[in-house]
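Take the first sequence: its position 34, counting from 1, is numbered 33 in numbering that gives the first Met the number 0, and each next residue is one higher.
Please keep in mind that the hints were generated in silico from the structure rather than gathered at the bench. Note that beta-carbon positions come from the ideal geometry of N, C-alpha and C, so glycine has one too. Warning: the hint list may mix true and false statements.
Unchecked claim - BS3-like mimics (lysine-lysine), calculated; alpha carbons at most 30 angstroms apart, straight line: (1) Lys-1 to Lys-96; (2) Lys-19 to Lys-142; (3) Lys-96 to Lys-69; (4) Lys-69 to Lys-82; (5) Lys-14 to Lys-82; (6) Lys-1 to Lys-110; (7) Lys-96 to Lys-63; (8) Lys-1 to Lys-82; (9) Lys-110 to Lys-142; (10) Lys-102 to Lys-63.
Claimed, not checked - Quick list of the computed label-pair ranges, beta carbon to beta carbon: (11) Pro-74 to Lys-14: 20 to 30 angstroms; (12) Ala-13 to Ser-64: 15 to 25 angstroms; (13) Trp-137 to Gln-17: 21 to 31 angstroms; (14) Ala-138 to Pro-21: 22 to 32 angstroms; (15) Ala-138 to Pro-74: 19 to 29 angstroms; (16) Asn-52 to Arg-119: 12 to 22 angstroms; (17) Ser-48 to Tyr-28: 12 to 22 angstroms; (18) Ser-75 to Arg-126: 22 to 32 angstroms; (19) Pro-81 to Pro-51: 33 to 43 angstroms; (20) Ala-113 to Thr-84: 41 to 51 angstroms; (21) Pro-74 to Asn-52: 32 to 42 angstroms; (22) Pro-88 to Trp-137: 47 to 57 angstroms; (23) Ala-138 to Ser-48: 35 to 45 angstroms; (24) Pro-51 to Lys-87: 37 to 47 angstroms.
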Amino acid sequence: MKSEPTSFSIEDLAKSPQQKEPWDGVRNYQARNFLQAMRLDDLAFFYHSNCPNPGIVGIVQIIKSAYPDKSAFDPSDHHYDPKSTIDKPRWFCVDVKFVNKCKHVALATLKNQANLSSMRLLQRGNRLSVMPITSEEWAAIMKFL
DNA sequence: GCCAACGTTGGC
DNA sequence: GCCAACGTTGGC
């Protein structure tokens with residue numbers, strides 16, 4: 000799960016009440032589908048994007064599976080989408096809980112790993128803010144921590 | 001700030 | 001349905 004640290008960082012999540020937040024504002028169909036594929040208690044890496052040192056910075060846990068994203072209903076919200084209604088919600092979010100901050104694993108480090116070359120995060124033109132990871136990739140990255 | 005990649009919009 | 005225009009993402 001990717002976030003720009005200037006808008007929401009792993010530190011922000013750690014400082015949140017009960018260290019949990021809805022992961023809302025996702026407005027891409029493919030990313031939405033990945034959110035909906037998440038299951039209660041799944042773990043995810045928290046990735047800092049669009050910053051001086053992009054990379055994995057921590058681990059979060061899904062503590063509530065996909066439910067309608069209220070920010071799409073709010074006209075004053077930056078992520079408002081009039082095409083998403085309470086009766087027919089188009090966008091969804093999950094709740095994530097802070098698990099830990101980990102050693103920073105830089106994007107460059109991930110790119111240097113031969114066994115991670117097929118990682119979705121590393122594919123050309125990837126722009127999804129939420130994406131799946133294989134158990135093999137997860138295990139390989141855990142060895143850095 | 002630049003630029004490549006990609007998604008969305010809307011005219012036709 | 002095609003495609004140009006535009007907006008966004010995100011590494012560098």
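Tell me the numbers of any earlier hints that the structure contravenes, in ascending order. 5, 15, 22, 23
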